[in-house]
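Going down the list, the sequences are from chains A and B. Per our numbering, residue 1 is the first one in the first sequence, and the count goes up by one each step. Per our numbering, residue 75 is the first one in the second sequence, and the count goes up by one each step.
These are computed hints drawn from the structure, not numbers from a lab. Even for Gly, the Cβ is constructed at its ideal location relative to N, Cα and C. Check before you lean on any hint, since a few could be wrong.
[Unchecked claim] These stretches of chain A come out as covered by chain B in the derived footprint (C-beta under 8 Å, 3 or more residues):
#, stretch
1, 10 to 19
2, 66 to 72
[Said to hold, decoys possible] Beta-carbon label-pair distances, calculated as ranges:
#, chain 1, residue 1, chain 2, residue 2, range
3, A, 53, B, 299, 24 to 32 Å
4, B, 96, A, 24, 52 to 60 Å
5, A, 24, B, 383, 36 to 44 Å
6, B, 261, A, 71, 56 to 64 Å
7, B, 261, A, 70, 41 to 49 Å
8, A, 48, B, 261, 55 to 63 Å
9, B, 94, A, 20, 44 to 52 Å
10, A, 22, B, 209, 18 to 26 Å
11, A, 48, B, 347, 47 to 55 Å
12, A, 55, B, 204, 32 to 40 Å
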Amino acid sequence: MNKLAGKVQSYTVIRVPGNAHAEAAPFVLLLVELDDGRRVLGHFSGREPPAIDTRVIAIPSPQTPVFTRAEDVS
Amino acid sequence: MTRNVHIAGVASTNFGTLPGRSLQSLAAEAGRAALADARIPPAKIGCLFVGNFVGGIMTGQELLGPIVAADLALANVAAIKIEAACASSSAAVRLGYDLIRAGAEQAVLVIGVERLTGGPRSALTTAMTAAIDQDTEGRAGLTFPGFWGLVMARHAHLYGTTREQVAAVTVKNRKFGAANPLAQFRKTVTLEDVTSSPLIADPIRRLDCCPATDGAAAVVLAAETLVRSCGSPSVRVAASVLVNGPARACDYAEITTHDGTVTAARRAYKAAGVAPEDIDVVELHDCFSIAEIVDSEDLGFFAKGEGGPGVLQAGANRKTVINPSGGLLSKGHPTGATGCGQIYEVAMQLRGRHPNQVEGARLGLTHNGGGTAAAVTVHILESVAR
């Protein structure tokens, strides 16, 4: 399966979530520009957000993708 | 042939925590006061539009149009609720403006109303996120502080906007709010207060966020001929624009430039025949402190990336005064009422009766955004020589 690969455009850490995500907080949300030009919102495998422009990858999923630093898996 | 449209009368309740007040009672209070201010007989009102965002979710009350019309003794009028998230009532003003301009109505009453306090914070956050696409970004857990956290982190990355510059927006607007008797927050804060407040959605902190607010505001729109015959204390609507912008964070080509605001402003300036530097006073949508910086750039008051340093010029060498009401950060943000509340504030400036009066104000602008700046209005108002 092709992985989702791209660069972090921006990040936030959700500390006050809606009811549906209450148990997951705090969690990192990334805005990622994929190599094919699409942009997606995804979660991040770490607790601290990566810097903007960091390369990240994720396994495609019908759920929200979870990104990891590309350097950590290559 | 199109007709000139005026804001014939305005009114606003206090904004804040208003326990025991229903949507209906707040809306009727504002509507009744605006009609009295306009000096226009209620029989001239052809439509009542009630701008409201989450009344159904937060209070269980719907069908606000006919209920509020009945409370105001308005009979046989078109009375409906208009929803465009936080831009609900300003979107309703645009619809009323179109009806009068086209000659279909002589006068339209627009009331914005919301009740957001009294419930748990998680319920409020859930209600607000109803304006995020639940198929995609809502499922990922995005909130509005989260959206603006994404914007703030990237604005700092691209333009070097500092934590202190963003915090200075809150400090400035709290100072303005301290002198506004309608404002929810009337105490000043320091830069340190803002930068040491708890994180909500990094890098957004609590004092970067507008509060949850109850309140209502109302606007009577009328044709110029009616305004003159009734002696209304009116201001002219020089431009009324409503456009859609990207409805998802991922739809933005660049999340620090809000296309809906850029387009709405461009159209409004063209319709009014003015430029940003002609505007004396602005009430813009500072739902978060970084939003004032982004909006002030997208409305043309600063070049992109210069809004941060621009905050520190406030009251010094900048002609256009931004958010002298205290803005959403200090006057408060009763979402569905905010658009009418901004028009109230600018109308009072142009009538020379504002507690933070901008001397000689002749042209004013309001900017109101719903969702991820997905529904955007810009109104330009002009004082009328008397």
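Hints and how they fare:
1. 10 to 19: holds (count 10)
2. 66 to 72: violated (count 0)
3. 53(A) to 299(B): 24 to 32 Å: 59 Å, violated
4. 96(B) to 24(A): 52 to 60 Å: Given a distance of about 35 Å, which is not inside 52 to 60 Å, the answer is violated.
5. 24(A) to 383(B): 36 to 44 Å: Once the Cβ atoms are compared, 37 Å apart, the range 36 to 44 Å for residue 383(B) and residue 24(A) holds.
6. 261(B) to 71(A): 56 to 64 Å: Violated: the Cβ-Cβ distance is about 48 Å, outside 56 to 64 Å.
7. 261(B) to 70(A): 41 to 49 Å: 48 Å, holds
8. 48(A) to 261(B): 55 to 63 Å: Violated - the Cβ-Cβ distance for residue 48(A) and residue 261(B), about 34 Å, lies outside 55 to 63 Å.
9. 94(B) to 20(A): 44 to 52 Å: Violated, at about 31 Å.
10. 22(A) to 209(B): 18 to 26 Å: 20 Å, holds
11. 48(A) to 347(B): 47 to 55 Å: 51 Å Cβ-Cβ, so the 47 to 55 Å window holds.
12. 55(A) to 204(B): 32 to 40 Å: Distance hint for residue 55(A), residue 204(B) holds at roughly 34 Å.
Of the numbered hints given earlier, the model fails hints 2, 3, 4, 6, 8 and 9; all others are met.
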